Amino acid sequence: MSFKKDEETGLGAYYNNKTTVLQEARVFNESPISPRKCRALLTRIVYLLYLGETLGTQEATTLFFSTTKLFQHKDAALRQMLYLAIKELSGVAEDVIMVTSSIMKDMQPNSEVIYRPNAIRALCRITDASMMQGLERFFKTAIVDRNASISSAALVSSYHLYPAAKDVIKRWVNEAQEAINAKTSGSLFGVSSGSGGGFLGYGNQQQQDKFQPPPSTSYITQYHALGLLYYIRQQDRMAITRMVQQLGGKPGSSGTLKSPLAICMLIRYASKIMEEDPNMQRQMFELLEGWLRHKSDMVNYEAARAICEMRNVAPQQLTRPVSVLQVFLSSSKPTLKFAAIRTLSSLALTHPASVATCNVDMENLITDSNRSIATYAITTLLKTGNEASVDRLMKQISGFMTEISDEFKVIVVDAIRSLCLKFPAKQASMLSFLSGVLRDEGGYDFKRAVVEAIFDMIKFIQDCKETALAHLCEFIEDCEFTKLSVRILHLLGIEGPKTPQPTKYIRYIYNRVVLENAIVRAAAVSSLAKFGALVNDLAVKKSIGVLLRRCLDDVDDEVRDRAALYLHTIDDAPLAETYVKDDTVFSLGALETQLVAYVNDPDASDEPFDVSSIPTVSREQAFQETARPSSLDTIAQPAARAAAGPAPVGPTAAQTKSAYAEQLAAVPEFAEYGTVLNSSSKPQALTESETEYVVTVVKHIFKEYVVFQFNVSNTLPDTVLEQVSALMIPNSEGLTENFIIPIPALTPATSPGTIYVSFSRDSPEEYALGSFQTSLKYVSKEVDPTTGEPEEEGYEDDYQVEEVEVGAADYIVPNYVNFSQEWERLGHGATATETFSLSALDSLKAACDSLIEVLNMEPLGGTEIPTSNSVHALTLSGLVTGGGGKVLARSRMTYSAGQGVTLELSVRAEKEAACQLVISAIGD
Amino acid sequence: MANLSLYCVSATLILDTDGNRILAKYYKPPHGSPANSTRTLHNLKEQRAFEKGLFDKTKKAGGDVILYDTYLVTYRHSLDLIFYFLAPPSENELMVSAGLQAFFDATQLLLRHSVEKRTMLENLDLVLLGLDETVDDGIILETDPATIAGRVSRPKADTTDIVLNEQTLLYAYNRVKEGVQQRISAAL
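From first to last, the protein sequence lines are chains A and B.
For the first sequence, the UniProt record's numbering begins at 1 and goes up steadily by one.
For the second sequence, the UniProt record's numbering begins at 1 and goes up steadily by one.
Think of the hints as simulated: they come from the structure by calculation, not from any bench.
Every value quoted in this text rests on a predicted model; they were computed, and no experiment measured them.
Don't take each hint at face value.
What the hints assert, rightly or not - What follows is a list of derived Cβ distance ranges for each label pair:
| hint | chain 1 | residue 1 | chain 2 | residue 2 | range |
| --- | --- | --- | --- | --- | --- |
| 1 | A | Q58 | B | G179 | 27 to 37 Å |
| 2 | A | T57 | B | D18 | 32 to 42 Å |
| 3 | A | H73 | B | S185 | 35 to 45 Å |
| 4 | B | D56 | A | G399 | 34 to 44 Å |
| 5 | A | H73 | B | G179 | 26 to 36 Å |
What the hints assert, rightly or not - No farther apart than 20 Å at their CA atoms in a straight line, the calculated lysine to aspartate or glutamate pairs in the EDC-like style are these:
| hint | chain 1 | residue 1 | chain 2 | residue 2 |
| --- | --- | --- | --- | --- |
| 6 | B | K28 | A | E53 |
| 7 | B | K52 | A | D236 |
| 8 | A | K333 | B | D18 |
| 9 | A | K498 | A | D456 |
| 10 | B | K52 | A | D610 |
| 11 | A | K703 | A | E803 |
| 12 | A | K483 | A | E452 |
| 13 | B | K60 | A | E407 |
| 14 | A | K258 | B | D144 |
| 15 | A | K170 | A | E112 |
Claimed, not checked - To list a few chain A residues with every Cβ distance to chain B over 10 Å, as calculated:
| hint | residue |
| --- | --- |
| 16 | D75 |
| 17 | M104 |
| 18 | H160 |
| 19 | T217 |
| 20 | E302 |
| 21 | E309 |
| 22 | T335 |
| 23 | L349 |
| 24 | E466 |
Ideal placement from N, C-alpha and C gives every residue a C-beta, glycine not left out.
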């Protein structure tokens, strides 16, 4: 693509292709060397690379070595370009280390040439760790050179080299420290070279030996030196803290650092210290507050942002940073406005009240010419707004809705969607806004956002249901998106029958059957059937029957099939119950895991897939599991967290389980154990979270084994734990230990590590329960902070953690069913009833919570929240793993102040063992 | 998490007003990175796709800053060119913008206030060296435009320094001798 420009501009000289440039490299061999020609060719080589051309290793190496001939010529202009070329070619060419000695000549102290910094920076590209020892002296002198450019070049090069040569560069702390404190060359040369035109006066540089550096006003060397010091010391929290204290100075005073960039780095180090060391919080916070008054915007902003992103920041701590940001909002510079609004927007997620003081300024930004600023302004305002300002805001938004892109419209609609839920009283104006934009032109993503917003309103705001459904009906009359039509028809089928006048929707739906494509027709048929099954009006049932019968002649198979099925079922109450009204659905995550296991296991294909072992969930739960966070929440996430951190919503139970299954599959020892029947839904902590070793346990149940997975974190810096294993002493029979997979070595950097302890179930058909005394055994070794190597000698130690229990909950997974139906069906199966008195519990709510936790069963019909505080009935449902079948429990309980909770637990299950399992879980 | 390393510029771009690449330098630390940066664009196809999308978003002047495709981008229009500095999204906007400003002002000094495509292509050596003095593989090297511009050397005309020493004089003498010999032999 670069060659096209060639013809356009006629600047042929620079747009030659690679081949021409390579051929012209002859010019380097000419004698005498022409500095001007060579510099022009070097420029073209570098420029080729900057345009995206790639050189082969051979080509680059040849080119590299032909350029090195130019070291013979002393011209400064040529030499500087030569170093740039060396720097760029060194990434591709081989054996670049050969030119080290040529470069070293230019690095000599006291050589006052313009290209000495270039030489230093080129050297760090071609050298490696083995050479560092020899270069140490040069670097050390260069770092403390009084010329800022030389010092910066040396510091930056050391920074680049640090990962390759930690041991050598570590010793340069004193030099780096001196570079921070030294007066920059600006003050030394300020007077002497102040005569104008010096910056560009290449004429003055005729005598290249006496190159005078131009004065720098940026003090940037401090930034480089500070960066290097932090890099060297980053493992040593105390040293960093001292450094921040020392350089931060007293609150209010300006301190040693003059470079705003350096102060920004210091602020970041300070907030990292605050996060890690609660004792330092006060002092560091005072420093941050001092920087809010610094004369540089960059520093003010960095400090304000650091405070806003502090964990557990108190509202009164936010007033000052927010007012700093508020001033930025009315700046004329887009970058300042952008920075401020971005920070406020993420702060509004957690502290809307603190941000609300900026509302007026933010309203002015809604029409900002930078769309990103406007978007942030709107989304922030919608979070901080109060009920009174909503109408005004809506008016402003509808004013520019037609001028903006679809992408931006989606963001606005999402923001309004969350606003509707926040201020239900304003639903009328918002609904009319949404239905208005639904009629506008727009692509699929935009329309989908609007439709989903209306769906949410229907779901959460009762008052608007009928109006909203009417708007949707109108929309499908003229909707070009099949997917949206189908979703709306489905929703009409669910919500329509519950409204006072279901008949008015039937007309809209039947219109679809007449006018639309096959996919929409099929959805319309299902929707009609729901009306037939759910509306208790014989006239309606009859007309639905007539309409469905007409569909039997449809040209499409699916439409005909559905019509036939529904015609058959709607008259028969029990059938209609399962096929039309059915509100349970398989837990898709679990279904997927089981199916994958089934497909992967060659032996399993002898038997059909057992669907009964898949837990079912209600539609509500399925919806919640799949519910995505609205894009509003994601866009406003603090960018740093969004980039690195976990997804905003925790993974669902099913996802965690499949993740565990994958982890286990990676351990060869467990290959023959078969599939995991159940894993604890979340890790159980065995230590306090702030102890030196943090241990959690996850239990995995296999058909014939139980595997305990211990996640161990070593939080002690400078120690390494070797051969970490977990010793478990069971206090009951039924489980026999097989083997332990220990962690070979555990440092804070490699934490958490995983220990697996495997037990066999002596008789797999029984559900073995019990508790285990557990302790960690390991060899502890100190790490030498200077070398990073552990010492030879360690000492053996053990560390007692809390007991691990295997209870009924580990064998049961929650399962959603229709309780009354199932309860009756299981009436003939295994049953058990027992009465318990739980005097320790002080309310029915506590009893419900602990029952659900102990049994790990699904509470049904909202019975987990007692309505009365004296009598309550809790209904639970679960699935016992390993083909144990369904189990249901009904617990009637009473509470009186003196005796605590008394409960009568009736259990019905498909198998006797399951019944016993549940009863025994409470008995203990 | 804030960026604790000095690597704060991910790439420098200069595009023309049709979205064509005038200059593009994507940085990566020469000896491995201390912290993994978000995402790297290291092949030409990805880079071009990214630049095209970015250009579509920024071709209108006056925005100055945008979050685009996991990069924080500050940019600046000048006649028929657009200058971009790309950074990781968590970077301080003002810091990146200071870097861009320094590079831009230095370019202005170097090109004598006519920062446009033609002049830039005619003086590429100055622009490339100017960039090299502003950013070194992702680390901002200098933010004072006068210092940056002052550190860029300009080429001298070849003719100014004729070296006179024994060798060159001998060479000249030999040339003259050969010439004379040839003419004499031709005349004979």
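Right, here's what the structure says about each hint:
{"no.": "1", "hint": "Q58(A) <-> G179(B): 27 to 37 Å", "result": "violated, 42 Å"}
{"no.": "2", "hint": "T57(A) <-> D18(B): 32 to 42 Å", "result": "holds, 34 Å"}
{"no.": "3", "hint": "H73(A) <-> S185(B): 35 to 45 Å", "result": "holds, 37 Å"}
{"no.": "4", "hint": "D56(B) <-> G399(A): 34 to 44 Å", "result": "violated, 25 Å"}
{"no.": "5", "hint": "H73(A) <-> G179(B): 26 to 36 Å", "result": "holds, 28 Å"}
{"no.": "6", "hint": "K28(B) <-> E53(A)", "result": "holds, 17 Å"}
{"no.": "7", "hint": "K52(B) <-> D236(A)", "result": "violated, 44 Å"}
{"no.": "8", "hint": "K333(A) <-> D18(B)", "result": "violated, 26 Å"}
{"no.": "9", "hint": "K498(A) <-> D456(A)", "result": "holds, 17 Å"}
{"no.": "10", "hint": "K52(B) <-> D610(A)", "result": "violated, 52 Å"}
{"no.": "11", "hint": "K703(A) <-> E803(A)", "result": "violated, 24 Å"}
{"no.": "12", "hint": "K483(A) <-> E452(A)", "result": "holds, 12 Å"}
{"no.": "13", "hint": "K60(B) <-> E407(A)", "result": "holds, 17 Å"}
{"no.": "14", "hint": "K258(A) <-> D144(B)", "result": "holds, 14 Å"}
{"no.": "15", "hint": "K170(A) <-> E112(A)", "result": "violated, 28 Å"}
{"no.": "16", "hint": "D75", "result": "violated, 7 Å"}
{"no.": "17", "hint": "M104", "result": "holds, 18 Å"}
{"no.": "18", "hint": "H160", "result": "violated, 5 Å"}
{"no.": "19", "hint": "T217", "result": "violated, 5 Å"}
{"no.": "20", "hint": "E302", "result": "violated, 5 Å"}
{"no.": "21", "hint": "E309", "result": "violated, 8 Å"}
{"no.": "22", "hint": "T335", "result": "violated, 5 Å"}
{"no.": "23", "hint": "L349", "result": "holds, 16 Å"}
{"no.": "24", "hint": "E466", "result": "holds, 41 Å"}
Violation of the numbered hints given earlier is confined to hints 1, 4, 7, 8, 10, 11, 15, 16, 18, 19, 20, 21, 22; the remaining hints are satisfied by the structure.
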